[in-house]
Amino acid sequence: MANSKYTSPSRYCTTKASRYRVIGFIVLGFIILGSLWRYQGVFDSSRRVLLGEHVLASDPLESVPLTHKNIAVASTFGFHFDVYMTVAWTLQRVMKGEGNVHVYGPQPFYYDFGRIVDEYGLFNGTVKDDKELMSDILVDGDGAIDLLVLGTCEIECVIPPPRRKRLDDSSRPLSPAYDG
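For reference, each letter of the sequence shown is one residue, going 1 to 180 in UniProt numbering.
Hints are computed from structural coordinates only; laboratory data are not their basis.
All of these numbers come straight from a predicted model, not from anything done at the bench.
No incorrect hints appear here.
Subject to a maximum C-alpha distance of 20 Å in a straight line, what follows is the list of computed SDA-like cross-link-like pairs (lysine to any residue):
id : residue 1 : residue 2
1  : K131      : G151
2  : K131      : Y110
3  : K69       : D146
4  : K131      : F79
5  : K128      : W89
6  : K128      : V149
Label-pair restraints from in silico Cβ distances:
id : residue 1 : residue 2 : range
7  : R93       : D129      : 20 to 30 Å
8  : L33       : L66       : 35 to 45 Å
9  : G78       : L33       : 50 to 60 Å
10 : L66       : M134      : 20 to 30 Å
Note that beta-carbon positions come from the ideal geometry of N, C-alpha and C, so glycine has one too.
With these hints in hand, go ahead and build the complete structure from the sequences.
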C-alpha cells in the first residue's frame with residue numbers, strides 16, 4: 001500500500017468524481033449554448049418592444065422619423081460645457097443633418113474647451129450666449145425650438161436673492177411660449 005499511487009481509496013474516488021463532474025458541466029454548457037444559438041430567432045422575435053405607434057425596438061434607426069427638428073441645449077452654469085456639448089454632439093449624430101441643434105451657454109468656455117470642440121469637430125454649429133435663449137424660444141413657425149434640454153446644477157438652485165429677482169423678471173416672457 002505504501003507504493004500505491006493514491007494514499008487512500010476515498011481520495012481516488014473524489015478525484016475521479018470531480019473529473020467527471022467538470023466534464024459533465026462542460027458538456028451541459030455546450031448543449032445549452034447550442035440550443036440557444038439554434039433557437040435564437042425565436043427569442044429575438046419575442047423580445048420586440050413597442051417604442052411608439054409604429055416603431056419597434058428592433059427597427060433600424062433610419063426608419064424612425066424624427067419628431068423634433070430644432071433642439072436647444074442650454075445651461076447658465078459655466079462649468080457644464082463638457083456635459084451639454086456631449087449631448088449636443090450626440091443629438092447631431094443621431095439627427096444626421098435632418099434638424100438643427102442650438103447651444104446656449106456662457107461664453108467663452110473655460111479651460112480653452114472651445115478650441116478642443118473646434119479642433120476635433122465635436123459640434124458643427126454656433127454656441128450662442130445664454131441670454132439669447134428667451135428670444136429664440138418665442139419664435140414661431142418652422143424655425144421654432146421644439147425641444148429644450150436644460151443642463152442644470154445644484155449651484156443654479158442656490159442663487160442669491162437679488163439675482164433670483166432678476167431671473168424671475170426675465171422669465172416672464174416665457175409665459176406666451178408655454179401657452180402656445
